[in-house]
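Visitor: Residue strings, one per chain:
Protein chains: 6
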Amino acid sequence: MPIVKVEMWPGRTQAQKAELARVITEAVVTIAHTTPESTIVIFKDVAKENWAVAGVLASQSP
Amino acid sequence: MPIVKVEMWPGRTQAQKAELARVITEAVVTIAHTTPESTIVIFKDVAKENWAVAGVLASQSP
Amino acid sequence: MPIVKVEMWPGRTQAQKAELARVITEAVVTIAHTTPESTIVIFKDVAKENWAVAGVLASQSP
Amino acid sequence: MPIVKVEMWPGRTQAQKAELARVITEAVVTIAHTTPESTIVIFKDVAKENWAVAGVLASQSP
Amino acid sequence: MPIVKVEMWPGRTQAQKAELARVITEAVVTIAHTTPESTIVIFKDVAKENWAVAGVLASQSP
Amino acid sequence: MPIVKVEMWPGRTQAQKAELARVITEAVVTIAHTTPESTIVIFKDVAKENWAVAGVLASQSP
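Chains as they are written, first to last, in this note's numbering: chain A, 358 to 419; chain B, 358 to 419; chain C, 358 to 419; chain D, 358 to 419; chain E, 358 to 419; chain F, 358 to 419.
Mimicking DSBU-like on lysine-lysine, the simulated pairs with C-alpha atoms at most 30 Å apart in a straight line are:
#1 405(E) - 362(E)
#2 405(E) - 401(F)
#3 362(F) - 401(F)
#4 405(C) - 401(E)
#5 401(D) - 401(C)
#6 362(B) - 405(A)
#7 362(A) - 405(B)
Treat the hints as calculated values from the structure; they're not laboratory data.
Working from the sequences, and respecting the hints, build out all of it.
Guide: Shown next, in the form of structure tokens:
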């Protein structure tokens, strides 16, 4: 039943997301004792224009 | 005051989303006793490339 | 595959949530053409102390 | 450590988002006593086609 | 229409949350040109036991 | 910069969450090429009373 959401800046390839989904699912199944079939991993790309740290958009960060 | 978020794969038409928003709002108002005006429904399309089940991206699922 | 999240103030009974989950799932399945088994509905109670409209916490609203 | 998410209709400029990130971070740091470096602000544009109030999509609202 | 979510560790008082809601709403209204009535601010307390940075739960961080 | 949210039913121990945070962070750092310090993992316990599959609350599921 776990739902895992991963929010990152864009730029990761399909291969990287596929590998991340595989490894995170394996970790959740092994450590939290769930089944793979009930584990969902969702990726959300968030543009640097929409992500600020310390009050500064990452797209404008030096 | 309820906020309802619906995350689905892309592909639903505007007509389908409009109908879903109407029916879900009606259900929330009737069952949870709120007002239509205070009920918000938000749709988020999540690409199959960003959605994994059992550790496999839906875009790569057989 | 749809994931539906419903954020509301506390106070709904289990019977109300059960009915809401049933009706929302039925709507999603019928209108968005998914299967019941792949449809998840999650409720999140948000206390009035944590919910502000127009800059005023609902717990302090007249 | 605070994470602030702002969901709005599209149309805000980069300048508006930059200003919002700056002011919100300042408010969080000052009022909630955190550090700027640990404060993240994320913007999510939600199209009017995906946002319904009172059961009607904002894109179809009169 | 903006929805703002603020996730923080527990410990902020009602007065701090009320002040944050007021200031954030004012910022959103002024900078993003919305109305106060359509601006929602939601706070979510996340325990240190449920928040990890650099792979270490904040509750176990030195 | 990645933010990872893990929503699960309650019942995982602090040790399980600590191990999950460690392994997920390691995966994100290695596969997505980020730094540990900028990787946040947040756990959200969702009670079975608030989680429905196929229109049935998990707390009422046979």
